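Participant: Protein sequence lines, in the order shown, are assigned to chains A and B. For the first sequence, position 122 (counting from the first letter as 1) is numbered 125 according to this note's numbering, and the numbering increases by one without interruption. For the second sequence, position 260 (counting from the first letter as 1) is numbered 722 according to this note's numbering, and the numbering increases by one without interruption.
The hints are simulated quantities; they were obtained by calculation from the structure and are not laboratory data. Watch out, some of these pointers could steer you wrong.
To spell it out: a stretch of chain A is covered by chain B in this simulated footprint if at least three of its residues, at any positions, have a beta carbon under 8 Å from a beta carbon of chain B; those stretches are [as the list claims (entries may be wrong)]: (1) 100–107; (2) 118–125.
Across the chosen pairs, the derived CB separations fall in these ranges [as the list claims (entries may be wrong)]: (3) B/Leu488 <-> A/Ser105: 49 to 57 Å; (4) B/Pro648 <-> A/Glu146: 24 to 32 Å; (5) A/Ser60 <-> B/Ile711: 41 to 49 Å; (6) B/Ser562 <-> A/Gln203: 50 to 58 Å.
Here are the computed lysine-lysine pairs in the DSSO-like style, where the Cα-Cα straight-line distance is at most 30 Å [said to hold, decoys possible]: (7) A/Lys5 <-> A/Lys23; (8) A/Lys144 <-> A/Lys129; (9) A/Lys123 <-> B/Lys636; (10) B/Lys636 <-> A/Lys152; (11) A/Lys175 <-> A/Lys152; (12) A/Lys152 <-> B/Lys718.
All of these numbers come straight from a predicted model, not from anything done at the bench. Quick reminder that beta carbons are idealized off the backbone N, C-alpha and C, glycines included.
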Amino acid sequence: MKSLGSIRRDFAPWNDPNAKPYIQFDNVTKKFGDFTAVNNLSLTIFEREFFALLGASGCGKSTLLRMLAGFEEPTAGRILLDGQDLRGIPPYRRPVNMMFQSYALFPHMTVENNIAFGLKQDGMPKPEIAARVAEMLRLVKLEQFAKRKPHQLSGGQRQRVALARSVAKRPKVLLLDEPLGALDKKLREETQFELMDLQQNLGLTFVVVTHDQEEAMTMADRIAIIDKGEVMQVATPAEVYEAPGSRFVAGFVGNVNMFEGKIARGEAGVASIDAGNGITIRTENAGNAAAGAAVTFAIRPEKIKVSSTKPAGAVNAIEGEVYDIAYLGDMTVYHVRLDDGQVVRASTMNAARITEDPLSWNDRAWVSFRPDAGVVLTR
Amino acid sequence: MNVTWSRFNITSIVLGFAFLYLPIVLLIVFSFNESKLVTVWGGFSTKWYVSLFHNQGLMDATWVTARVGVISATVATVLGTLAALTLTRYTRFRGRVLFSGMVFAPLVMPEVITGLSLLLLFVAVGLDRGFLTVTLAHITLTMCFVAVVVQSRLITFDRSLEEAAMDLGAPPVKTFFQITLPVIMPAIVSGWMLAFTLSLDDLVIASFTSGPGATTLPMKIYSQVRLGVTPEINAACTILIAVVAIGVIIASLANKRREVQRQRDEQAAQRG
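So that you can see chain A by itself, here it is in the shape it has in the complex:
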């Protein structure tokens, strides 16, 4: 069976027309004065989904989260949670909890009191609170830190306290605002997997806001790419990467090479794109773009092969000159300047320790790729 990207788990309610949406943004607009932070946005999130809102800072993704938590009210449109309109419900009566970017731990309370705070607000009996707090501490492996104050903890430990506090009330939805932003790279990678396990084990719906595409790709079932208050694309990580819906998405997620051109003619499922300067690209992925239409051909660096001679039988092969080489250990990135001046980025996995066909700066080289390797974008 062939599949786009890799499948992590058998969970795809968004493909099921009968699945009931859990969180619905319904034509939501949010304005701050003259500034439109969120512009007529609609979005559907399903129960038990790990959903990521990905975008550059200031794109409106945090505003979406804050509207869901109840700190902001939409200027227009409505937000539904499990069928209930959230308008007018204050944050302290919403069945959602949030983990803040700054963690927002109460500095005058111990770790266990921080975690117990939400439970006390619900008037839960004391023995139950103690049991739940102990369970949460075990969950985030901070049992021996229960009596400490937040300033006596390291950054990673604080992050876990914040997490424990926000899941202690078993909210229907957990909102995470840049949850790993303040951690260093190594800790961030570990914590990503911990978060995924936690979400699986507790069976909660997670909505995470991030500007880090790697983070979103690693953790999320689906990613919404937000730009200027609008949704650019909602799709699984693999779809976002391998089948981006627009030039913006292709350029925003990962590295990409783009060729502007016109569809020349189609033949038996293969279209030719005239990219100018004598470059013709043959692709199987032109969809139903009409002949003569202006399109962008986008191809990821790892799908381009670099060789010193023209590969025999290659459908697409363009000649150029090696301009830059970055050796990263696990892979090598080549920048090849084509004869028309465009620089193509190609990356090769260093699967073997010894390279058969070594290339160096200023060598003549061929970049080649298969007809199904790239995508044709019309937007």
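Position chain B against the provided structure of chain A, taking the given hints into account.
Facilitator: Just chain B now, with coordinates in the frame of chain A:
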């Protein structure tokens, strides 16, 4: 660090400290003077301290000052904290600039003017001058100082703490008392101490607004000095200085210990 104690440095330090502390040292030394003459040294004695406690007028004034100080500082702290909250939280209400200007104007207002205008007000509304009026006047005087201290803390207050509390189910009022207030408490306490100190040493406004039976300690001292400085006054002032100095030292020691403890904790946390 290379520090050279040049003659110039030593001279400037000696001069500077002399300028600041010589009058106070003199006052303390002469409070232990045996002689009744303030400027003539007649041997060591603590008799003026004893006679001080038998001076009913001074003791009454001290009691009045303490009560005025505690009440006015407490009320001013509540009002000043509310003003600071309003000024930092509601940044867009109509007349905010005017309001903030008016809250802080008494900081730079000559005390004579504050005192005189309060006197006129009390006369106009027919309030008899006494304990109540001087307390009200001190509230007016010290409120803005509290507001400044609390506001500077609130500006750096992380609002997400309050949002987190509300997100976890605490309504706004509960959030204020359980989160906001404890976090800004150190600033409120220092605002209170500042207000209390200001009330303690105020002479000008108290002279305008106080009446018979509500003479504060500074007023009492001042009126006695006009009849000639007695070593008794020196003793009273020395006690005042001691009280203030002990308070300041305790506060700074406590602060320093907390800071050291905090650093140690943070280092422990870093290690794991």
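Participant: Which earlier hints can't be squared with this structure?
Facilitator: none
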